[in-house]
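**Q** Next come the chains, spelled out residue by residue.
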Amino acid sequence: MRKSPKTPLAVLAGAAVLVTLAACDSRGSTGNETGTTPGPVKVEASDTACNVSVNTAAAGNVTFEITNKGTKVTEFYLYAEGDRIMGEVENIAPGLNRRLIVEVADAGKYQTACKPGMAGDGIRGDFTVTGGAPKQSDANAQKAQATKSYADYIANNTAALEEETGKFVDLVKAGKVDEAKAAYARTRTYYERIEPVAEKFGDLDPAIDVREADLEPGQEFTGFHRLEKDLYVSGLQADSTKIADKLLTDVKDLVAKSKTLQLTALDLANGAKGLLDEVATGKITGEEETFSHTDLWDFQANVDGSKGAITALRPLLQQRDAALVSTLDKEFTNVQGLLDKTRVGDGFKLYNELSQDQVKEFASAVDALSEPLSKVAEVVSQ
Amino acid sequence: MTSTEGTRVSRRKLFGLAGAGVALAGAGAAAGIGIDKATGGSAEAAVTTVDFHGEHQAGIVTPAQANLHFAALDVTATDPEKLRQLLKTWTDAARRMTAGQEVVANGAVGGGEFAPPGDTGEALDLPASHLTLTIGFGPSLFDGRFGLAGKRPPQLIDLPLFPKDKLDPARGGGDLCIQACADDPQVAVHAVRNLVRLGFGVTEVRWSQLGFGRSSSTSRAQQTPRNLFGFKDGTNNIKSEDTDFLRDQVWATAADGQAWMAGGSYLVARRIRMHIETWDRETLDGQQQIVGRTKGTGAPLGQTAEFDELDLDVGGAGGEKVIPEDAHVRLASHQALNGVRILRRGYNFVDGSDGVGHLEAGLFFLAFNRDTRKQYVPMQQSLSSKDAMMEYVQHTGSAHFAVPPGVSKTGYWGEGLFA
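Protein chains in written order, with the numbering used here: chain A, 1 to 382; chain B, 1 to 419.
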């Protein structure tokens, strides 16, 4: 799954599900050249004027060619009503030509703006877009229901994450190594279930979950895996307490932020797939839990999280592609059956206790599940 | 090679026909290379030879051939003179093989009945296939065993460990390297095999890598090929026609620190495993945002044609950058790296499967630059820390070599080292 902290679906305050979906689609189709207005709209920008060759265009891809004839570095914007940015190009140095292709799906009133000196409201002009596809009707109640249902799933797990992390951190701080080890894998379960949400927060996810092998130069080794190393390999360190406190702070921060997150149905679909990708590249290889070898706990949690998202989407999927749902059911059951075979008490075998044949069996079952999972997004986006 | 009509066409003949590549494994790119201007000979073999001699070694700006065999070797001998003699022997052998000849005269079948053949024979009847042989010297060659410590160029650093590296020691390092590129994989393998054979007692193979389907173009006459992610790769590469970039960013000069390296370059080799199975499940939109280009035409996001300049300042809805902040092309671009460029010459690889049902596939990245410290290293630091693509790739092998300048008709590889 794509882990961009800048995913356009992430946090658009107040934007409805439908609008955020459209925003995503427009980025992907930039190069597809559908509905292109014939000929570019020429924009001549100077320090005092913003001359736009035509002030109307048909809905679809609208191409602006901006020439900076002024002496200041400038910017060009196309705004929708309420100054919502439809497209922009920054840093247009004097004398340069730049191109901006904006997909404008809906007819309506827009504004162009040049901003000499790259400041202020700019030199505005009205711009009218005609034609355009009719807005999708509100057959999206199911999507709304799905995202609400998944939000409940997230809320349950983030609450548990905060609580369990608190207990785990207390054990670390009390120097109770054996008890902390016993709590470690269970605590991480709640994090691994909601990873698609956690990944939306670009700074918190690495602080909480970075692996030692992935550290960037100068990056401090913090979070769960740092404590994992302390508990399982190097023994508690002078700063383990500090690391533990920071972990709890970061988790609380994440839990608070997750409440403001507006997920789309497409996010759910991509998240369900992304969690299984995590299994394929991290858990099946035993790279996630290098020190504790508790990868199968994470594996189970990723599968849980994926299933949680699919469950939320189920009514929608059932209506649109019942065969896909039954394939998913079958493959989820298959993966779960393999996991169940490795159960020991209320946990699992350690990764380094698995035979190569077992690893291969897991990999194959994950592939068989991931393939149909990767088709969910398309079905949801229809 | 076997055609459906049941008739067999000789390789030699096929290679002479521009555009006939499809019938022949590995020949697809030969059509793109076209007729070699450097030789201009009329003989059939001449059109598929690349001149071995020159100011720079061949195999760097030479239009990238379709196939690669790359070998890294360690020197087992302790006498520097033995190393020097081997370099001379290798140079003579390379002169012959790149001209489409056997490694020694009367090699495969013309020698004595009771001696093993001097040439291993698998390239008999095959044309030169644009074979180039390029040698490089690793940092470890300058460790003092051969009295060469004072000749180590400052640019030839031990590469740092980059974030997310998962390096296999069995796929990295080496005192020497030989890069063999050819239209026909068998010609490349033949060349490496025979050089290795000549080296027994002085050198041993440390690791080697086969590659196919060049993943970069090094000439404007070549179409941009696709890597195993299915995307055009190398659109923004330095090309042989970019003489200013070559001068400033590829070729070393005497003033760079070691006079013997003037006209040479520095080669970074990275074996990059691709998790192609998870990549294949990523949506088209997701793939394009990770790369920063459209999959079809290869145009940068926000632009319309492949060779349109990247515009990192274009924003879409909400002002979000059309080429995302963590897109591969943004982070690797000269715009984002203070003008730094490199010449890439990588190949795709599939080394069977990994034992758990996934293809052991990826990109064998080869890049030439003038100063690895200032070019490749900052680029890779940026990519390994921020590139969204890192989720789908893993660097599993790493090596660095000083590639000496080309040789004259009477010279030998690395003679400047012993001057």
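Don't read these hints as lab results, they were simulated from the structure.
As the structure is a computational prediction, the values presented were derived from the model and not from experiment.
It cannot be assumed that every hint is accurate.
So the derived list for chain A, only partly shown, Cβ under 10 Å to chain B, looks like this [claimed, not checked]:
no., residue
1, E75
2, Y77
3, R98
4, P217
5, E220
6, K259
7, R343
8, V344
9, Q356
10, V359
11, S374
12, A377
Dumping the calculated PhoX-like pairs for lysine-lysine here, alpha-carbon to alpha-carbon at most 20 Å [stated by the list, open to error]:
no., chain 1, residue 1, chain 2, residue 2
13, A, K229, B, K239
14, B, K82, A, K229
15, A, K167, A, K109
Ideal Cβ positions, reconstructed from N, Cα and C, are used throughout, including at glycine.
**Q** So which of those numbered hints doesn't the model satisfy?
**A** 5, 6, 7, 8, 13, 14 and 15
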